[in-house]
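Work out the full structure, taking the sequences as your base and the hints as a guide.
Just so you know, UniProt numbering puts 446 at position 446 of the sequence shown, and the rest follows in order with no gaps.
Calculated directly from the structure, the hints in this document are not laboratory data. A couple of the hints might just be wrong.
The following label-pair restraints were derived from C-beta to C-beta distances [unchecked claim]:
(1) G319 to G353: 20 to 28 Å
(2) E316 to M39: 45 to 53 Å
(3) R398 to E160: 40 to 48 Å
The structure displayed is predicted, hence computed values, not measured ones. Note that CB positions come from ideal geometry on N, CA and C, so glycine has one too.
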Amino acid sequence: MTADRAVLEAALERGEEEGGPIEFKERLSRDVHLSDGRMESLAAQLRHRVLSGDGEATYVVGVTDDGHVAGIEPTAFSESMDVLSLLAEESGAHIEDVETWGVGGADGEGIVGVATIREGSILDTDDSHIVVGTAGHVDHGKSTLVGSLVTGEADDGQGETRSYLDVQPHEVERGLSADLSYAVYGFDAGGPVRMDNPHRKSDRARVVEEADRLVSFVDTVGHEPWLRTTIRGLVGQKLDYGLLTVAADDGPTETTREHLGILLATELPTLVAITKTDVVSDERVAEVEREVERLLRDVGETPLRIERHGVEAAAEEIGDVVPVLRTSAVDGTGLDTLDHLFERLPKTNGDDGDFRMYIDRTYSVTGVGAVASGTVNSGTVEAGDPLLIGPMPDGSFREVEVRSIEMHYHRVDRAEAGRIVGIALKGIAERDIERGMVLLPADADPTPVREFEAEVMVLNHPTRIGTGYEPVVHLETVSEAAIFRPEGGHLLPGDRGTATVEFKFRPYLVEEGQRFVFREGRSKGVGTVTDIS
Numbered sequence: 001m002t003a004d005r006a007v008l009e010a011a012l013e014r015g016e017e018e019g020g021p022i023e024f025k026e027r028l029s030r031d032v033h034l035s036d037g038r039m040e041s042l043a044a045q046l047r048h049r050v051l052s053g054d055g056e057a058t059y060v061v062g063v064t065d066d067g068h069v070a071g072i073e074p075t076a077f078s079e080s081m082d083v084l085s086l087l088a089e090e091s092g093a094h095i096e097d098v099e100t101w102g103v104g105g106a107d108g109e110g111i112v113g114v115a116t117i118r119e120g121s122i123l124d125t126d127d128s129h130i131v132v133g134t135a136g137h138v139d140h141g142k143s144t145l146v147g148s149l150v151t152g153e154a155d156d157g158q159g160e161t162r163s164y165l166d167v168q169p170h171e172v173e174r175g176l177s178a179d180l181s182y183a184v185y186g187f188d189a190g191g192p193v194r195m196d197n198p199h200r201k202s203d204r205a206r207v208v209e210e211a212d213r214l215v216s217f218v219d220t221v222g223h224e225p226w227l228r229t230t231i232r233g234l235v236g237q238k239l240d241y242g243l244l245t246v247a248a249d250d251g252p253t254e255t256t257r258e259h260l261g262i263l264l265a266t267e268l269p270t271l272v273a274i275t276k277t278d279v280v281s282d283e284r285v286a287e288v289e290r291e292v293e294r295l296l297r298d299v300g301e302t303p304l305r306i307e308r309h310g311v312e313a314a315a316e317e318i319g320d321v322v323p324v325l326r327t328s329a330v331d332g333t334g335l336d337t338l339d340h341l342f343e344r345l346p347k348t349n350g351d352d353g354d355f356r357m358y359i360d361r362t363y364s365v366t367g368v369g370a371v372a373s374g375t376v377n378s379g380t381v382e383a384g385d386p387l388l389i390g391p392m393p394d395g396s397f398r399e400v401e402v403r404s405i406e407m408h409y410h411r412v413d414r415a416e417a418g419r420i421v422g423i424a425l426k427g428i429a430e431r432d433i434e435r436g437m438v439l440l441p442a443d444a445d446p447t448p449v450r451e452f453e454a455e456v457m458v459l460n461h462p463t464r465i466g467t468g469y470e471p472v473v474h475l476e477t478v479s480e481a482a483i484f485r486p487e488g489g490h491l492l493p494g495d496r497g498t499a500t501v502e503f504k505f506r507p508y509l510v511e512e513g514q515r516f517v518f519r520e521g522r523s524k525g526v527g528t529v530t531d532i533s
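If you want it as structure tokens, here you go:
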């Protein structure tokens, strides 16, 4: 019997107690359980269960009143969770976690679920949530540093704390693959709110619930062959800040320079952490520090040593300067400083416009259906909202409905710009959703395009870029081959100019002002969309 199954067995053994915190429901339906009078009664019952459990109740769905495990088909289970969420909201509570199991039956596979209901509303969505993207050469300590930050635990010198990030396909945002990893911690009046057991998804939900301020990390990959994935993480995730790591035992590498160039080309406020300071001498650390400062000055940036100028100066001036600090995940050097800095950094990427979210990943959850994951670019979205999704390969958009929203495994009723969320959608199959599509309000009138005009700059190319040049364009979460037609016929390395950019295979939703990165082999450049007419 698995540990998760033990949760179900324990609930069944206790059964429904008069006035207790456990409730069995075979199923819940909108027509029956949300009807006049019934909803108020059930919400009052749920409130009673929560209070009797000292702020927490357990609802077992797919089980009869006498404890018989019946199981219900996926559509009925999904509807039951929708109804339970509304009942929880009505009673001043929320669904914190849902565990599901498949059970056999006469009609085939059914679902049984255990929902944990907790008192209080979901995290208030305001500007108290920043998103930080990591970058840096492979083995320069990105994931290890983040793992130590979110747990407060020292690394063993072998990268143990990097395992605390979502690094397995089934652990990454309920289905995101291991190419981009995610982590979160936060702050309240008493200081950092960290994860006690990062391998338990409910612990991540606890951090989201308890913290007054959240810091989410999008951890990219450092191998050169996966630079495309790194670009997607830095361009398509609506980041507020970049965190570049440089190992003290290795110093800046070509990959370091490349990642720094992408961070700065996308105008992302960036700080540099010199990692692994515990494995080298103080003289070597100082030497690498000087190398980093020279690298920054070479690209027109002003370094600021946090050790010399302080956290307040770094927080106030980041963007105009690049703060630099020494760190070690083993002996803890610099981790308190990073805590103080992340607690103070303002959000930079808020947007009060209409809701928009470019889709980065898709997956399917038993009993829920298709889920689209990404970072909310602008506006707000709520459970129950009607939306449009697209464009489809033919340029059309489809109508869908928000079934539910999760943020770091924590079920929420709404999300604002900057939130990394998974949105369960009603009205579309997971196989029909692709990265690069966008979710919009149902009353939007989007016009996808196959080509647009852009102001571009060539960062690196062995010769020159001419008409017919075919790089991959990374715009939001879009990664698509495109054909360039530069004004004047060609662009040399270092040149700025205008070009027509045509997606090679299908249309996408593109807006004026969006920035993008293009890459083909070792050739790279950046651009800004100037005209989509």
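*asked:* Assuming the hint says 45 to 53 Å, is it satisfied by the Cβ distance from E316 to M39 or not?
replied: Because 50 Å falls inside the window, the suggested range holds.
*Per the hint of 40 to 48 Å, is the separation of the Cβ atoms of R398 and E160 within bounds?*
Holds, at about 45 Å.
*asked:* Quick check: does the Cβ-Cβ distance between G319 and G353 fall within 20 to 28 Å?
replied: holds (22 Å)
Going down the numbered hints, you'll see the structure goes against none, and every one checks out.
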